[in-house]
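Novice: Based on these hints, arrange chain B on the given structure of chain A.
Here is what each chain is made of, one letter per residue.
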Amino acid sequence: MPTRSSPSSPSARASKLAKMDDSIDISQAVTGSEPIPSYRPDARARRYDRQLRLWASAGQRSLEAARILLIGCDATGCQALKNLVLPGIAHFTILSPRITNAQDVTTNFFLHPDSIGQPISQEATRLLKELNPAVEGAARVEDVAELIQTDPNFFLSFNIIILSNGEPDVELALADLLWEASATTGGPDVPLMCVRNTGFIGRIEIQIREHCVVDTHPETTHTLRVDEPFPALEKYARELDLEAMDSLEHSHIPWVILLVRAVSIWKEQHGGALPDENSDEEKAEFKKLLVSERSKADEENFEEALAKAFLAWNKSEVPSDTRNLLEDPSVVTVSTSSKNLHLLLHTLLKYTSTSPHLPPTSPALPDLHSSTTAYIALQNLYKAQYQEDLARFKKLLASVLEGLGLPPDAIPDEEVEGFVKNTGGVAIVKGRPLRESKEAKGLLAEAIKEQFSETFLTPLAGPMHLALLAAERFYSTHKRWPGTKELSDMAEDQREMEETVKGIVSPLVEGFEELDDGYVESITEVVRGGFGCLPNTAAFLGGILGQEVLKLITRQYQTLDNTVIVDLVKSTLDKFRF
Amino acid sequence: MDVAMEPANGFVHAGHRSDDAISSESPYRDIDRVLDRPGPWTDEAFQGTKDFLRTQSKVLVIGAGGLGCEILQNLALTGFHDIYVIDMDTIDISNLNRQFLFREADVGKSKAIVAADFVMSRVPGVKVTPYHGKIQDHPPSFYKQFNLIIAGLDSISARRWINATLVQMVDEEDEESLKPLIDGGTEGFKGQARLPMLTPPTAFPICTIANTPRLPEHCIEWASVLEWPKVFPDKKLDTDDPDHIEWLYQQATARADEFKIEGVTWTLTQGVVKNIIPAIASTNAIIAGKRDGLSPLTSASCCNEAFKIATTCAPFLSNYMMVRRPVVSPLTPQYVGNDSVYAYTFEYDKREDCPVCGGESITAEIGKDWTLERLVEWLSERQNMSAVLHASHSRRADTPRQISKPSLSHPSGKPLYFQAPPQLHDATKPNLDRLVSDLLADEGPELVVTDPNLPFSLGVTIAFV
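Protein sequences appear in the order of chains A and B.
To convert, note that position 545 of the first sequence is 545 in the working numbering; the numbers rise steadily by one, no gaps.
To convert, note that position 104 of the second sequence is 104 in the working numbering; the numbers rise steadily by one, no gaps.
So that you can see chain A by itself, here it is in the shape it has in the complex (with noise of 0.2 angstroms):
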């Protein structure tokens, strides 16, 4: 018997060791009548329990170890740290040479006005660190240009680096740093996140060579196989005595079992064929055989199966996106040197390719109108067939790794069943080079022809991507940013970034001769923000740069590949991938 306690006596408060991981794994869970532990969670899970709602105990792990350089210390900046101090991670470092002045302190959350005359960087360690104990920070008063030089190892020992505001120059400097650092098989792959904002507008651009997604979280999980049943689940579902049901048991059995009670049949009629999706004619009569077992007109569970009737004729086979990752050359071929979700893919792949052509089965199953019995019933053939799918797959799994020469235990239990239960929901994210992006080839110059094509509408955003890149264009002759002399001068510098703008695109575009209205007065938006901060926009783009830190370290949820761009005059956001 559990042991009953009355809320607020003192026994209940005696907390056993709370458990940080508190999500008991369905299939390995154990029922018994041995007294029900408490896993009532300590201050710190309290603290993080809503996050572990979000990322769950695997993705704060990989939180907790996570070391983050910040270059420049700016509102953006800081903002962005602020959001990832909070839910944990190890470590930051924040590199700047500057002396904090009034106007830092203005738009910065994390100086105060006695931090005026003191590095920022220092200051800033300070009001940020104060937000969560358990992280470290750091503090570097150096030039990142420097440094770049002397110590290029030092920007290698971070697990993502976020430039803030940083000088065109310095960005693509780092970015080849880090570019060529991940070229080299089993090298450091250190995503690069460059934000950049002007006033109301504000700019995100993300290199990583490759990013693995371990949990895409989607939607649904389940792999109901109602059209091709496995065999327990086929013989469960015909071998039920519908007649010697009593009415509220009849009632009561799920609609999975009802349809692939029905499919099994019809396929014994028609030579092993489903029924014909572009005939209604069969599907009519699919759905007649179905309800033929009805006891009466009204029983939701027949409701529920008709609902679901698609089921029989919607084939189930490998997703396409999961196909369009097992096509990959690096998942066709693996090494030694190849990732564990390659190895794994890898491993899908030979699963896939014997009969019956499937990704493994789920243990998972929907909430539906039923007995409990019946229910439980249903889970447990589910189950039982997950079990038998996993211990296929970790055969090939061990052929696998055999044959590579890699020792059978290369992969974690725990991310071979993670990956299992959940094929669908893995993703793997191939960057580009930041510099071809900055110097307008590749996918900016294919988007720049399309753009400029008769066919096609104007984008909201891409007009003003250009903005940008000629406002970097203009920092690099002029060593300071359009919009930051008098009002009078707008206009000259304005005139500038337009021919910038003309001389990107004419190369590009046959014929070009003038830009339209969305590049002008995209222009003059830059150059009316001045390259200054608004704290809202910085708060935004913190907000954008910590959920995609956090989707980056935790692996999980689709991350943004790799340009973003909002405008806070419109209040619209936009994606793109140059």
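No lab work stands behind these hints, which were simulated from the structure alone.
Since this is a predicted model, take the numbers as computed values, not measurements.
Be aware that one or more of the hints could be misleading.
[Said to hold, decoys possible] Per the computed footprint, the stretches of chain B lying under chain A, defined by three or more beta-carbons under 8 angstroms from a beta-carbon of chain A, are: (1) 30-40; (2) 54-61; (3) 89-96; (4) 213-219.
[As the list claims (entries may be wrong)] Below are the DSSO-like pairs computed for lysine-lysine, each with C-alpha atoms no more than 30 angstroms apart in a straight line: (5) B:Lys260 to A:Lys308; (6) B:Lys260 to A:Lys570; (7) A:Lys129 to B:Lys109; (8) A:Lys485 to B:Lys308; (9) B:Lys260 to A:Lys394; (10) A:Lys570 to B:Lys50; (11) A:Lys235 to B:Lys260; (12) B:Lys260 to A:Lys383.
Glycine included, C-beta positions come from ideal geometry on N, C-alpha and C.
Specialist: Below, chain B without anything else, positioned relative to chain A:
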């Protein structure tokens, strides 16, 4: 060269500017740039209204939680100088991973007071006035003093209340009476433009909970909804009390064992009873992401709208009047499963059948044979009276339904049925047994309904069918 610059609050303006000596510029240089220079999309009537922003405006922030902390930070930095904040909550340890104005030593203290003190110490010159209490404690006259109100609330009923109160205050003759409300939530007041993914927590049918549990959530609901009131009839379930959660967890686990259901955990128990997560596990992350992971984005966006309204004040407000859309919806980015960042701004509009914005009147089609009692019941049951009156789907006792104890009178003020005070209740009680058609025969088909949960009176036109 000398440039005209506004002297900024709290700082001595050095007066002379050169491009090399940045520190001699106005500390508000970056903000001044967008206020001194019109942009390509700025309204023609735009004029730098720094004075209004920095010396005249009065802003109310409702809620000092995840959104509230961010909003207060951004408003203070943007230059709003006179800020008010209201929150009834105290600080819990689980707030500390995102409510960055609080520290461990603040646990148990008032959110409004701690937040106000912190912002004032970090940003000298700004005044933040805290109110520790409920929004309902303040009369409409309190809300009249503000130019702008930003709501960062998670309670549906509180958000409905403030929206209805502000809309009720609007006097068509007086532009000042229209108070822009910027809603930081992802759920609108007007038109209840719920996102498909933000469906309310599933309320499981009682019969499932009682008879055919299948999911761990069913067992937890059984413990909290059925067992708790049975075992502790006199004690209200406090979802913030870990001992109460512990008891529910024990009960739910025992029941799950009995039915061979797996997956009851402490965290899940807490999540289900506190509505932290909805009952459907696959959507947890999305909802949690919206509720707890996006505060910086949503609030930055809110404050940006506030800044735009405050600094282009006149044209913006009259614009509002024209479209009758006093609720401003900020840009709301979010996580979704197979997309990285995604954002939209959603439209609020007036709904004709909404008693808050649509003339506060509905039509009720009833039978000739209806007694007044039946009408009262019908009104209480009609949670679905309009999309806006859509009560929370949660069946928890602490979320009041929109109409719970209606009192009815003729438009002339003559009472038909009153729930309180006792004298009036006794005097009007006999009317409950009378036919509505008889009661309305003299004064026409209009009725006025008041209710403790409604900050306005609702007009009901009776049509017999």
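Novice: Hint by hint, say whether it matches the structure.
Specialist: Now the hints, each set against the structure:
no. : hint                 : verdict
1   : 30-40                : holds (count 9)
2   : 54-61                : violated (count 0)
3   : 89-96                : holds (count 3)
4   : 213-219              : holds (count 3)
5   : B:Lys260 to A:Lys308 : holds, 27 angstroms
6   : B:Lys260 to A:Lys570 : violated, 55 angstroms
7   : A:Lys129 to B:Lys109 : holds, 22 angstroms
8   : A:Lys485 to B:Lys308 : holds, 24 angstroms
9   : B:Lys260 to A:Lys394 : holds, 28 angstroms
10  : A:Lys570 to B:Lys50  : holds, 21 angstroms
11  : A:Lys235 to B:Lys260 : holds, 23 angstroms
12  : B:Lys260 to A:Lys383 : holds, 14 angstroms
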